[in-house]
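Trainee: Chain order of the listed sequences is A and B.
Under my numbering, the residues of the first sequence are numbered 1 to 392, in order.
Under my numbering, the residues of the second sequence are numbered 1 to 306, in order.
Hints should not be assumed to be uniformly reliable.
Said to hold, decoys possible - List time: in silico DSS-like cross-link candidates among lysine-lysine, alpha-carbon distance up to 30 Å:
{"#": "1", "chain 1": "B", "residue 1": "K189", "chain 2": "A", "residue 2": "K213"}
{"#": "2", "chain 1": "B", "residue 1": "K133", "chain 2": "A", "residue 2": "K302"}
{"#": "3", "chain 1": "B", "residue 1": "K189", "chain 2": "B", "residue 2": "K293"}
{"#": "4", "chain 1": "B", "residue 1": "K134", "chain 2": "A", "residue 2": "K185"}
{"#": "5", "chain 1": "A", "residue 1": "K302", "chain 2": "B", "residue 2": "K134"}
{"#": "6", "chain 1": "A", "residue 1": "K254", "chain 2": "B", "residue 2": "K141"}
{"#": "7", "chain 1": "A", "residue 1": "K51", "chain 2": "B", "residue 2": "K189"}
What the hints assert, rightly or not - Coverage of chain B stretches by chain A, computed from C-beta distances (three or more under 8 Å per stretch; other residues unrestricted):
{"#": "8", "stretch": "162–168"}
{"#": "9", "stretch": "294–300"}
In case anyone wonders, no lab produced these hints; they're calculated from the structure.
No residue lacks a Cβ here, since even glycine has one placed at the ideal position from N, Cα and C.
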Amino acid sequence: MREFFRKSGILSLTLLCCLTFAVTALAEDVIKVGFNLPLTGDIPEVGEGSKKAAEMYLKDINAKGGLEVGGKMYKLDFVFMDNESKAESAVNAALKLIEQEEVVAIIGPNSSKQAVPAGGTCNDNRVPMISPWSTNPDTTKDRPWVFRAAFLDPFQGPVVADFAAKKFNAKTAAVLFDISNDYSKGLAEIFKAKWEEKMGADAVVAFESHGTKDQDFSAQLTKIVSARPDFIFVPDNYNQVALIIQQARDLGYKGHFMGSDAWGTPDLIKLCGDDCYGQYFSTHYAAAGAQGATKVFIDRYKEMYGDVPADYAALTWDSIGLLVEGIRNAGEVDSNLRKMRKAVREGLASIKSFPGITGSMKFDEQGDPIKCAVVVRISDKGEFMFEESVCP
Amino acid sequence: MDFIIQNILNALQWGSFYALIALGYTLVYGVLLLINFAHGDIFMVGAYIAFFVATLLLGGDGLGLGLSPAVTFALCIPLTMVLTAGVGVTLERVAYRPLRRKGAHRLYVVITALMCGLVLEYSNLTVLGASRKKFPELLEKTIWHFGDISVTNLKVLVIVAAVAVFVFLNFIVTKTKIGMAMRGISYDKFAIPLMGIPIDTIIVFTFILGSSFAGLAGLLFAMSYPILEPFMGMIIGWKAFIAAVVGGIGDIRGAFVGGFLLGFIEIGVVSVFPSTYRDLFAFSILLMILWMKPTGLFGVAKTTKI
């Protein structure tokens, strides 16, 4: 028995030594970054695209020997965590990344529905967070630790309104949005305010909502169609867009649809088919006809994964770029995690402009980038064609 | 007026799915007094089976047989129903029958059913991944316009199918010998074997009926709302179960009426109020119906069910 205890004592000691060694070894030359992504749930494509872009970045930088901070090379280590496209899971994923994985900073969540609550968690725990794709103002509002790479809905809403007024000669509009999604609801309200300011008090003839899991929109669409709007604005995720457009056509609606950046995934065409051809949406970048660094990114992504990167993939790439810049600005890697996180936050906050592949961005004091939006037309082949660019 | 008629048509279509699924709940409950909570997920499996059968028959990736959409649709109906019935029967064999043999309390069988539903959902998620599937178009869509009212041929087909299934099941249960045996088991499970009626065969037959119509509902649902995901059966399954209870669970007319009632209330609420009120109002109304008649609309207190 005593023998057993002695042996197990030695064994655990050895293990402990190995562990401490491993931990210190890790802490010394590895910078750990967490990713809070929707790998399952309502928008799995978004998580998958972001993950692919991140893995490409990781491969690039580690092939070069890592990231140089303060004259020393550090390898990057990415930890991917699934938030199931749910708000509460996004908070859990953020906490897990902060407490168990002990990451220096977090990239994601993508959608505002998850980014708004997870942003609160990161801010409270004093961990820098960059959301690649969230456009809702609340994500970063009064949260010094939260940053983003996308433009904001107060900018996107007017872009949509101006474009529709010009292109369709529209006087009246209808809106159908997802009430349980911060992104969709926020953008719908911003658009409504802008359109009514532009066209008069009753210019939004129908303002209808639905829930996330809904599949039948016929009651809402019957109301919308009977109000005879010039076009319907649908700031919704791609899976719902495919159902909404088809059901509106079934109910005899023949007019235009206009969407927002949540439309911008190749899956939209797979699910929606030719119902979506000829419709427009505002987004962060257009893959067709890109140039320079953007084209290099698109070509390499295509070569690695076989499909065109959607905007969230490009924005994830830019978010990692921003974070790397922030770490460089921090000057050195502190082994004290809390100090390191603070240094990275200061580094991020001191970025004044950044040449990203989704356009160059300037940052305001809130940590939000000021950048251009693109309006895209879905061609008859299902490609996202550049239509026009709108800058603030 | 047009607005109301259009919404009645919308409600008829939406209610048809509730009715079709509620019929499956009611059949199994009628015979076994078991709430088969996996039924909503059998509906989901039906939709996926329809998807794979349809893509296999249509071809496109070089794998398929390259049949025309119309032929595919005609073959899809029986194939989906048979294969989905297979899944239902397998569940009965693997999960419910062993428990029944051991004389487990009904509660444990209900919990097992809940687990089976989760197993179906997550095995789908694991095997096929989270990305959604687009159901191919099998029926060339025709939209008929009457003034401001628009009806698609698919909408009509769904409503007709729901009514036909109801009439068929009603006939089976009330007019045939096997239906009589089903009612017999419901009445007294212990005396029936003494009459020389093979109780297991009848139970399997019930599962075949319930699951094959869940499969049909899955096929029609996938054609109407052509985007499939692993959790699509969950909420619609729960709601159909509630519809069956309000109608009087165990009664076929009850499931049918309950399904359409829920469809009408949901569409009605959304067409007047914002969508957030839908479930609140819908289920408050159903709750009130149960207050007044706790056995459900067609339910009878503790006698023969089905």
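Trainee: List, from low to high, the hint numbers that the structure doesn't satisfy.
Mentor: 1, 7, 8, 9
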